[in-house]
Amino acid sequence: MDFDIIFGNAARAAFGPEAVILALAAIGLNVHFGFTGLLNFGQVGFLLLGAYGTSVSVATFGWSLWVGVVVGLILSVALAVALGFPTLRLHAVMFAIVTIAAAEIIRILIGSTDAIGLTGGPLSVSFDAGAFYDLNPYPDGPHDRYGVGTFEFTGQQMWVITVGWVLVALVSLVVFLIVRSPWGRVLKSIREDEDAARSLGKNVFSYKMQALIIGGVIGGMGGVIDAIKTSGADPNGFRPQVTFFAYTALLLGGAATYLGPVLGAILFWFLREWIESFLRQLSAEAWLPGAVADFLSGSEGIISVAMVGLTLVLLMLFRPQGITGNRTEMQLDAR
Amino acid sequence: MRRGIVLAGLALIVMLAWSIPSAAQTEGGADEAPSTVLKGTLRVGFDQFLAGVEINVADQSGTSLGRAVTDSEGQWSVAVPGAGTYRVTLEESTLPEGLGLREGFESTVEAAVDEGASRAVVFAVGEAPKGTPFGERAAQTVFNGLKFGLIIAMSAIGLSLIYGTTGLVNFAHGELVTFGAVIAWYFNSSWGELNLIAAAIVTMIVCGMLGAGLETGLFRPLRRRRLGIFQLVVVTIGLSLLGRQLIQLFFGAEPLPYSDFQVQERWEFGPWAVTPRELVTVAVIIAVLLAVGLMLQWTRFGKATRAVSDNASLAEASGINVNRVVLMVWAIGAALAGLGGVFQGLDTDIDPFLGFQLLLLIFAGVELGGLGTAFGALAGSLIIGMSTEVSTLWISPELKFVVPLAALILVLLIRPQGLFGIKARVG
Chain A
1 MDFDIIFGNA ARAAFGPEAV ILALAAIGLN VHFGFTGLLN FGQVGFLLLG
51 AYGTSVSVAT FGWSLWVGVV VGLILSVALA VALGFPTLRL HAVMFAIVTI
101 AAAEIIRILI GSTDAIGLTG GPLSVSFDAG AFYDLNPYPD GPHDRYGVGT
151 FEFTGQQMWV ITVGWVLVAL VSLVVFLIVR SPWGRVLKSI REDEDAARSL
201 GKNVFSYKMQ ALIIGGVIGG MGGVIDAIKT SGADPNGFRP QVTFFAYTAL
251 LLGGAATYLG PVLGAILFWF LREWIESFLR QLSAEAWLPG AVADFLSGSE
301 GIISVAMVGL TLVLLMLFRP QGITGNRTEM QLDAR
Chain B
1 MRRGIVLAGL ALIVMLAWSI PSAAQTEGGA DEAPSTVLKG TLRVGFDQFL
51 AGVEINVADQ SGTSLGRAVT DSEGQWSVAV PGAGTYRVTL EESTLPEGLG
101 LREGFESTVE AAVDEGASRA VVFAVGEAPK GTPFGERAAQ TVFNGLKFGL
151 IIAMSAIGLS LIYGTTGLVN FAHGELVTFG AVIAWYFNSS WGELNLIAAA
201 IVTMIVCGML GAGLETGLFR PLRRRRLGIF QLVVVTIGLS LLGRQLIQLF
251 FGAEPLPYSD FQVQERWEFG PWAVTPRELV TVAVIIAVLL AVGLMLQWTR
301 FGKATRAVSD NASLAEASGI NVNRVVLMVW AIGAALAGLG GVFQGLDTDI
351 DPFLGFQLLL LIFAGVELGG LGTAFGALAG SLIIGMSTEV STLWISPELK
401 FVVPLAALIL VLLIRPQGLF GIKARVG
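Here the protein sequences line up with chains A and B, keeping their order. Going by this note's numbering, the first residue of the first sequence is number 1, and it counts up by one from there. Going by this note's numbering, the first residue of the second sequence is number 1, and it counts up by one from there.
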């Protein structure tokens, strides 16, 4: 049992690109759910369009990577608008289910054999993200490593996570500024009592739509980072549980707070990877009975995701406001 | 032949493609040049691999470069001289009977490959377009749609009754369905060799107890603590993730069939060719739905359930034991969901995601009809089942789940309260 390696893996996951992507998805959700009270269960759809917009623009149409990034973000806006019109007037629970359904529709269409010519279908798509790595200021030789002990990254990874965390910081700052403004107070009033906001002459539908677009674009940025990180996109990476992971991160850190989603995303990946690495090391231990070792080996990932589910349950039972949240702000009653 | 979703479903010949770094490849031999390979795996659905199918590879001018025959795992590979674009042809005549390339796909595809890399080539294989007239195929899909809609409706009863009596939207309901399918599989094929009918009955009891346990052990205390609706939804999402992972942990991710009733002769009824298994599925579900409807309408317990749905506090004040009603609703709903899982597993094989995939359609059916209306949920489920199956007349079966979900969004655009819901002012 080597706790150095376990800690190294967990720390790398906590600050690596996966955590950046999850943080962006959770910040977007925070705008939807935390501040506006919109139960968006289809956040993964925005990530999907961000990732595929970037990948397909470069791989299929041969455009530059930067055009692809813009296309990805525009597609996220388009999804928010297309989704918002029929659904923003729905009962909160119905809204939740329709958003899951919409994200699934997109995933099935993009991943189907009929779409092979455009998106690669079930084979996934890959492209050359060289334009991004050309700007990499970190020397990236085969022996260049950045970090301490087992917690280290290569030059390319450093570049992705530097850009990623700067983006997370900027987005968090923007969210902080707009939510503190009069505009943000209207959002919160809609969350607390939609009818009251309407009776004060606020156009609730329009505010909800704006919130949906902003949160969606932030999710789309997560998708773009995902596409650049993996130089491509795969339909299986965008299943509904990605949205639930983002909710876990958001609720863990604290919904309706400014740093909660970022903190939650870091913690989420730290704990998930810690558990997985720990189990992997455990299943290799000699003193473990053979049957237990056989059961564990190969199932580490499954168990760590099961722990995510358990975390959600326990969090709601014992600390619904998360680590940093304010309990009174989380007395949301979905209407 | 047509075994519901799986066979008619994702019919792909999937080729897993990844470039093998030349370093890894040359490890064995001394200075062997990395070989450039075109390869693939031919399969239909998840688990039916196609052996003995011939693949020919030619260069751009049509000169044949090699040929391969798929092995028992459906795999083939052909080494090519180097980088370039090659024409890969699947010999359709060597496909097993009844299978062919799906409409709109060519038997020859062009594949570009880099020097020293291996490249995956995909063919879309599925059921060959049959010579059956359109009317007959339409009749068959309508029957399939009825069956699928009924399975959705039976699984939806619990979801909709629990929502009605407690206001809880249970995202873990799909996992109750999966749990039913999996438990019945263990009784039928693993532990007991129990006949599937007996296994289904035992399954209903186990699922009913699980439902009652969830209510007494978790949801009743939570209601007492006045947790908000959102928090409760998140609890069920957590349970759903937990349940799905646990089932995957013990059952595995591979789809497996029951050991009973797999091979059956079809009975011909006019345009319909139906297996006894499918007839029993439809008959049993109709009987169950009738029984539940009559129970809700006429029995004391049914009246109490409707009273609690209508207004729980008023029902309690009139002397109805609300907690007992809710407990019964959980037990019955979970047992029916489990039975729905058994029928769905009989139709498509059992895998840990069976219920979650059904969950969206169950929600769609319940919403389409109008949240909290019993009759509406049945009608909505039938519409969802029908539109899923009938759409395969025109579109690829791979895409059939898109249709009901899109229909749901369209209907809500026009009637936000659902087809049979009562209009309430929201938003």
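Calculated from the structure, these hints are not laboratory results. One or more of the hints may lead you astray.
A short, non-exhaustive set of chain B residues, derived as facing chain A with CB atoms under 10 Å [stated by the list, open to error]:
1) V280
2) L413
3) I414
Across the chosen pairs, the derived CB separations fall in these ranges [claimed, not checked]:
4) B:W191 / A:R239: 51 to 61 Å
5) A:E192 / B:P221: 54 to 64 Å
6) B:R324 / A:I5: 47 to 57 Å
7) A:G290 / B:P271: 25 to 35 Å
8) B:Q60 / A:S64: 44 to 54 Å
9) A:V292 / B:Q60: 27 to 37 Å
10) B:F353 / A:R319: 26 to 36 Å
Keep in mind that this is a model prediction, so the values were computed, not measured. A virtual CB, placed ideally from N, CA and C, is assigned to each residue, including glycine.
Now for the hints, and whether the structure bears them out:
1. The interface hint given for V280 (chain B) is broken, as the beta carbon of that residue sits about 31 Å from the closest beta carbon of chain A, more than 10 Å.
2. Residue-level restraint check for L413 (chain B) holds (minimum Cβ-Cβ distance to chain A is 4 Å; threshold 10 Å).
3. Proximity of I414 (chain B) to chain A holds as hinted, the smallest CB-CB distance being about 9 Å (cut-off 10 Å).
4. At roughly 31 Å, the beta carbons of W191 (chain B) and R239 (chain A) sit outside the given window of 51 to 61 Å.
5. Taking the beta carbon of each, E192 (chain A) and P221 (chain B) are about 27 Å apart, not inside 54 to 64 Å as hinted.
6. At about 54 Å, the beta-carbon gap between R324 (chain B) and I5 (chain A) stays in the expected band of 47 to 57 Å.
7. In this structure the supplied range 25 to 35 Å is violated for G290 (chain A) paired with P271 (chain B), their Cβ-Cβ distance being about 57 Å.
8. As the Cβ distance of Q60 (chain B) to S64 (chain A) is approximately 30 Å, the hint placing it in 44 to 54 Å is violated.
9. A hinted range of 27 to 37 Å for the beta carbons of V292 (chain A) and Q60 (chain B) is inconsistent with their spacing of about 57 Å.
10. Separated by about 30 Å at the C-beta atoms, F353 (chain B) and R319 (chain A) satisfy the suggested range of 26 to 36 Å.
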